Every structure is written in C-alpha cells, then in structure tokens.
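Trainee: Sequence:
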Amino acid sequence: HRELADTAVNKKGAHTMELGEGIKKILLAGIGTAAVTAEKSKEVLDELVKKGELTVEQGKVLNQELKHNIKESVKKNLEETKENNAKRTKEDEAIKKIIEKSEMEIPDAMIESQVQNMIQEFAQRLAQQGLSFDQYMQFSGMTMDKMKEQVRPEALTRIQSSLVLEQIAKEENFEITEDDVNAEIEKMAKAYGMEADKLKEYVGDDEKESMKRDIAIEKAVQFIMDNVKERAKAKTKKEKEAEAAANAEA
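Using my numbering, the letters of the sequence shown map in sequence onto residues 1 to 250.
Simulated from the structure, these hints should not be mistaken for laboratory data. If you're wondering where the values come from, they're calculated on a predicted model, not measured in any experiment. Among the clues, some could well be false.
The calculated lysine to aspartate or glutamate pairs, modelled on DMTMM-like cross-linking and capped at a C-alpha distance of 20 Å, are [stated by the list, open to error]: (1) Lys-96 to Glu-230; (2) Lys-212 to Glu-178; (3) Lys-238 to Asp-226; (4) Lys-146 to Asp-108; (5) Lys-198 to Asp-180; (6) Lys-229 to Glu-241; (7) Lys-198 to Asp-179; (8) Lys-212 to Glu-166; (9) Lys-170 to Asp-214; (10) Lys-90 to Asp-226; (11) Lys-212 to Glu-184; (12) Lys-187 to Glu-209; (13) Lys-97 to Glu-172; (14) Lys-101 to Asp-226; (15) Lys-233 to Glu-91; (16) Lys-208 to Glu-186; (17) Lys-200 to Glu-186; (18) Lys-198 to Glu-184; (19) Lys-229 to Glu-218; (20) Lys-233 to Glu-243; (21) Lys-190 to Glu-207; (22) Lys-96 to Glu-218; (23) Lys-219 to Asp-92; (24) Lys-219 to Glu-93; (25) Lys-148 to Glu-121; (26) Lys-146 to Glu-112; (27) Lys-208 to Glu-218; (28) Lys-190 to Glu-80; (29) Lys-190 to Asp-180; (30) Lys-97 to Asp-226; (31) Lys-190 to Glu-178; (32) Lys-208 to Asp-180; (33) Lys-208 to Glu-195; (34) Lys-219 to Asp-180; (35) Lys-90 to Glu-80.
Please put together the full structure from these sequences, using the hints given.
Mentor: So this is what it looks like as structure tokens:
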C-alpha cells in the first residue's frame, strides 16, 4: 500500500491532512467486510465523505483501491473454485471406477432418505438467498415427484461413494490423531471467524467422533488418489520401457 497524503481545504485556509497507513487499513478492512460489491463500497465511502470523516479526494483514492481489492478477491475466489472443482472431478471419477467394480444393493428406503436430505439441503440454500422452497417450486413449475426423480441418481451415487469410502477407511484402519482433530477445529474456526481455542470449548466428545469419521473419509479419498497417481507412474514407466525396447530392436 502506498502512503496517502491529501489536501483538505476549509474556510480558514488550506492545510495538509495525512491519512495514515494504519487508518487506511482499518477503513479498507471495515468497508471490505460490509461491502462485497464496488457499488456498495462507493455508497459507504460517499457516506463517510458526507459526514466529513473523509475528504472527497481521500474517498476517490480509497474507492479505487477497494475496486482493485474486490476485483482481486473475486479473481482469487474463482481460481480457487476452479482448482477445487477440478480436484473434486478427478476424485469423483476415481471413486466412480471403484463403484463400477463393486457389487452393492442399496435399499430403496436408504435412497429415499438421501433424496429427502438433498431436497432439504437445496431448500436451505434457497432460504439463504431469500427464496422459499414453495416459491421456487411455483416459479419453476417443478413438482415434488419430478424433483425426486431428478435428484435420485445423485442420491444413489452419494450413498455408493460413502459406502466405498467407509469400507476403505475401515480396511486401512487410518490413524486419526489429536493433531488431526485440532487441525480440523482450526479450519472450522477460521471459516466461522472464531478463535480455535474458543471453538474447542463447544466441541464435545460426540462432535469429535463425528469429526474423526469425516477425517477418516478424507484420508480414504487421499488414499484412492495416491493409488491412482502410483498406477499412472507405473504405466508411464512401463510405456517408456516398451518404447525403449522397440527402439533398440529397430
């Protein structure tokens, strides 16, 4: 960040007002928390100028910096989302291959329960966006039977993936340490904007056991991906050896 120095003119004459680096950081952090769009940030800054807490020039400079920060933040989020989606796609493909080789009979009741859970999750996401589930159904012309039919294949895949991962975790008997649990709590604390030590006070034995199961599943996914990488390396090595042998014969 560059140092800001602006001139404020009042009725008594001209004098220099310097907006220090510390104050600027507080302003940018505070406004950045409340303003997720360039338009909103400008509204906040205009209000500060109107109240006399900032000069017009300071407002203009800060507005430009906020626009840059917002743009960079959006860019970073998009890149992270793209990377996460690519990683998840590879994981899904690897798990799908295992499912195809497995013989599983999933009871209809289990699939129906998963369908209901997925519809509830969807309704909660709608509510977070200020739209009720009934409104969505009305606007989209969707019926409950049609929605259940749409989500059923994904529900089946979720159950199969979960069973595969749970079985791998059981067979490999992954060790889940206290450090693993603490690392998970720290991630949760960061997501909720809390201190890890404070969050630990609310985490009971049942929550810890649930976290251990989730960590075991994550380790199972990593175990699969590590095996995929090893097989890919072995295949590449074998192909190179075959190519070298063919060249030697030629």
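Trainee: Does each hint hold? Answer for all of them.
Mentor: Results for each hint:
1. Lys-96 to Glu-230: holds, 18 Å
2. Lys-212 to Glu-178: Status holds; Cα separation ~9 Å.
3. Lys-238 to Asp-226: holds, 18 Å
4. Lys-146 to Asp-108: holds, 17 Å
5. Lys-198 to Asp-180: holds, 18 Å
6. Lys-229 to Glu-241: holds, 18 Å
7. Lys-198 to Asp-179: Roughly 17 Å separates the two Cα atoms, so the pair holds.
8. Lys-212 to Glu-166: holds, 12 Å
9. Lys-170 to Asp-214: holds, 13 Å
10. Lys-90 to Asp-226: Roughly 12 Å separates the two Cα atoms, so the pair holds.
11. Lys-212 to Glu-184: Judged against 20 Å, a Cα distance of about 9 Å means the pair holds.
12. Lys-187 to Glu-209: Status holds; Cα separation ~17 Å.
13. Lys-97 to Glu-172: holds, 19 Å
14. Lys-101 to Asp-226: Between Lys-101 and Asp-226 the Cα gap is close to 19 Å, so the pair holds against 20 Å.
15. Lys-233 to Glu-91: holds, 17 Å
16. Lys-208 to Glu-186: holds, 13 Å
17. Lys-200 to Glu-186: Holds. Lys-200 to Glu-186 sits at ~9 Å (cutoff 20 Å).
18. Lys-198 to Glu-184: holds, 14 Å
19. Lys-229 to Glu-218: Roughly 17 Å separates the two Cα atoms, so the pair holds.
20. Lys-233 to Glu-243: holds, 15 Å
21. Lys-190 to Glu-207: holds, 17 Å
22. Lys-96 to Glu-218: holds, 16 Å
23. Lys-219 to Asp-92: holds, 15 Å
24. Lys-219 to Glu-93: holds, 17 Å
25. Lys-148 to Glu-121: Cα-Cα ~13 Å, so holds.
26. Lys-146 to Glu-112: Holds: Lys-146 and Glu-112 sit about 14 Å apart, inside 20 Å.
27. Lys-208 to Glu-218: holds, 15 Å
28. Lys-190 to Glu-80: It holds: about 17 Å lies between the C-alpha atoms, which stays within 20 Å.
29. Lys-190 to Asp-180: holds, 16 Å
30. Lys-97 to Asp-226: Distance ~15 Å between Lys-97 and Asp-226 Cα, so the pair holds.
31. Lys-190 to Glu-178: holds, 18 Å
32. Lys-208 to Asp-180: holds, 11 Å
33. Lys-208 to Glu-195: With Cα atoms ~17 Å apart, Lys-208 and Glu-195 stay inside 20 Å; holds.
34. Lys-219 to Asp-180: Holds: Lys-219 and Asp-180 sit about 11 Å apart, inside 20 Å.
35. Lys-90 to Glu-80: holds, 16 Å
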